[in-house]
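2 protein chains.
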Amino acid sequence: MDASNDLLLAYLQQNNLFSEMDAQQLIALAPIQHFKKGTILLKEGQRSKAEYFVLKGCLRAYYMVDGEEKTTEFYSEFEPVSPICIAKNEPSDYYLTCLEDAILIVSDASIQQDAFEQLPNLKNICLQMTEQILAQKQIALNNFKINSPEQRYLNLLDSNPALIQRVPQYQLASYLGITPQSLSRLRNRLIKK
Amino acid sequence: MDASNDLLLAYLQQNNLFSEMDAQQLIALAPIQHFKKGTILLKEGQRSKAEYFVLKGCLRAYYMVDGEEKTTEFYSEFEPVSPICIAKNEPSDYYLTCLEDAILIVSDASIQQDAFEQLPNLKNICLQMTEQILAQKQIALNNFKINSPEQRYLNLLDSNPALIQRVPQYQLASYLGITPQSLSRLRNRLIKK
Numbered sequence: 026m027d028a029s030n031d032l033l034l035a036y037l038q039q040n041n042l043f044s045e046m047d048a049q050q051l052i053a054l055a056p057i058q059h060f061k062k063g064t065i066l067l068k069e070g071q072r073s074k075a076e077y078f079v080l081k082g083c084l085r086a087y088y089m090v091d092g093e094e095k096t097t098e099f100y101s102e103f104e105p106v107s108p109i110c111i112a113k114n115e116p117s118d119y120y121l122t123c124l125e126d127a128i129l130i131v132s133d134a135s136i137q138q139d140a141f142e143q144l145p146n147l148k149n150i151c152l153q154m155t156e157q158i159l160a161q162k163q164i165a166l167n168n169f170k171i172n173s174p175e176q177r178y179l180n181l182l183d184s185n186p187a188l189i190q191r192v193p194q195y196q197l198a199s200y201l202g203i204t205p206q207s208l209s210r211l212r213n214r215l216i217k218k
Numbered sequence: 026m027d028a029s030n031d032l033l034l035a036y037l038q039q040n041n042l043f044s045e046m047d048a049q050q051l052i053a054l055a056p057i058q059h060f061k062k063g064t065i066l067l068k069e070g071q072r073s074k075a076e077y078f079v080l081k082g083c084l085r086a087y088y089m090v091d092g093e094e095k096t097t098e099f100y101s102e103f104e105p106v107s108p109i110c111i112a113k114n115e116p117s118d119y120y121l122t123c124l125e126d127a128i129l130i131v132s133d134a135s136i137q138q139d140a141f142e143q144l145p146n147l148k149n150i151c152l153q154m155t156e157q158i159l160a161q162k163q164i165a166l167n168n169f170k171i172n173s174p175e176q177r178y179l180n181l182l183d184s185n186p187a188l189i190q191r192v193p194q195y196q197l198a199s200y201l202g203i204t205p206q207s208l209s210r211l212r213n214r215l216i217k218k
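These protein sequences, in sequence, are chains A and B.
All residue numbers for the first sequence refer to our numbering, where the first residue is 26 and numbers rise by one.
All residue numbers for the second sequence refer to our numbering, where the first residue is 26 and numbers rise by one.
If you're looking for bench data, these hints aren't it; they were derived computationally from the structure.
Treat the hints with care, since some could be wrong.
Chain copies aren't distinguished; within one or between two, either way the pair holds.
As a list, the in silico DSSO-like pairs of lysine-lysine whose alpha-carbon atoms are at most 30 Å apart [said to hold, decoys possible]: (1) Lys217 to Lys148; (2) Lys170 to Lys61; (3) Lys61 to Lys218; (4) Lys62 to Lys170; (5) Lys217 to Lys81; (6) Lys81 to Lys162; (7) Lys61 to Lys113; (8) Lys113 to Lys81; (9) Lys74 to Lys148; (10) Lys74 to Lys162.
Using the sequences plus the hints, can you model the full thing?
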């Protein structure tokens, strides 16, 4: 078993998601691929059915708006990535790239269907995981409606401090819905406090 | 069969979600309740396991921030409502109320489990529906990161014009992440265009 499989096995065991036997079966089914930093996984205008699960590394979603990149999401270890274009069955509105070298499970509806048939409990786990991520997205969305940019930054510092160290500041600013200048001013204000 | 069941049956048939027989079985399992406008379904600080599916009417989620209501979501016909406190297993951070008289399916994990056992296809439908709603939430979140308040208003006018007529303007402003004064100015600007 190579190191990529170890990553997945450790995740599955740590979260008690499967018995040892089922975990080994899932690993045998999961098509794991390695990608270099900078790889574009999805382009604006492209149709794609590929879904991902990050075993190592960090992905970034961004829109091109008037020639400028607007970063909307980062995906790091043990996060699933299901591009909107799949649910909408339309060409993608945005790009998805590897911000770092990445090890990903690359899946699609047909691979999932096979896995659902072989591992009856997998569908329950996917439903629970999707519900958890939906709750996280709703929290992120509410965060934009009820909180100031400063509070959003403090919430990120609390919930995911590693991300702040890991990604370029201009991308982080866009992710927080502010300009890089505002983020810089905001951080200086907080340091002085 | 009363009118509430007819609403659910029409929805299930229109979307080809179930065979006629399965639809009748689901209706027999679904606990439908009527609520008066103004009913508070969930309070800040309260623990709840109740999930809803709107058959008729409109619900509103809001936070109390410094004594002021901040509306974050509206839920109308044929939308599921799963409060964040269930996924987080914590007391709720927000209120959920009936903005209009409402007819709702009121469910919980145990009712869902029974329904999953009796209707094997229901879990697939729930997974697909949850994935669709997750995509919608991601679109709503990206909308805050890449678009101006004016563009967010125009997007809502495009995607859900009925909502703009249906809810009070100060609640709509908060839902769009702006002040009521900004919404009013923005609408006046657009009328003049």
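How would you classify lysine 113 and lysine 81 at a CA-CA limit of 30 Å: within, between, both, or neither? Both ways: lysine 113 and lysine 81 sit 27 Å apart in one copy and 25 Å across, limit 30 Å.
From the Cα coordinates, with 30 Å as the cut-off, is the pair lysine 81 and lysine 162 best called within, between, both, or neither? both (22 Å within a copy, 25 Å between copies)
How would you label the pair lysine 61, lysine 113 (within, between, both, or neither) given a Cα cut-off of 30 Å? Classified as within: same-chain Cα gap 28 Å, cross-chain 35 Å, threshold 30 Å.
Given identical chains, is lysine 74 near lysine 148, meaning Cα to Cα at most 30 Å, within a copy, between copies, both, or neither? both (19 Å within a copy, 22 Å between copies)
How do lysine 217 and lysine 81 come out at 30 Å by Cα distance, when the copy is not named: within, between, both, or neither? Result: close neither inside a copy nor across copies, 35 Å intra and 52 Å inter.
Classify it for me, lysine 170 with lysine 61: is the Cα-Cα distance of at most 30 Å met within a copy, between copies, both or neither? Answer is between; shortest inter-copy Cα gap is 27 Å, intra-copy 36 Å.
With 30 Å as the alpha-carbon cut-off, assign the pair lysine 217 and lysine 148 to within, between, both or neither. neither (49 Å within a copy, 52 Å between copies)
Within a copy, between copies, both or neither: where do lysine 74 and lysine 162 come within 30 Å Cα-Cα? both (22 Å within a copy, 19 Å between copies)
Is the C-alpha distance from lysine 62 to lysine 170 at most 30 Å within one copy, between copies, in both cases, or in neither? For lysine 62 and lysine 170, the Cα distance is within 30 Å only across copies (24 Å; inside one copy 34 Å).
Quick one: lysine 61 to lysine 218, C-alpha cut-off 30 Å, is that within a copy, between copies, both, or neither? Result: close neither inside a copy nor across copies, 40 Å intra and 48 Å inter.
The structure fails to meet hints 1, 3 and 5 from the earlier list, while all remaining hints are met.
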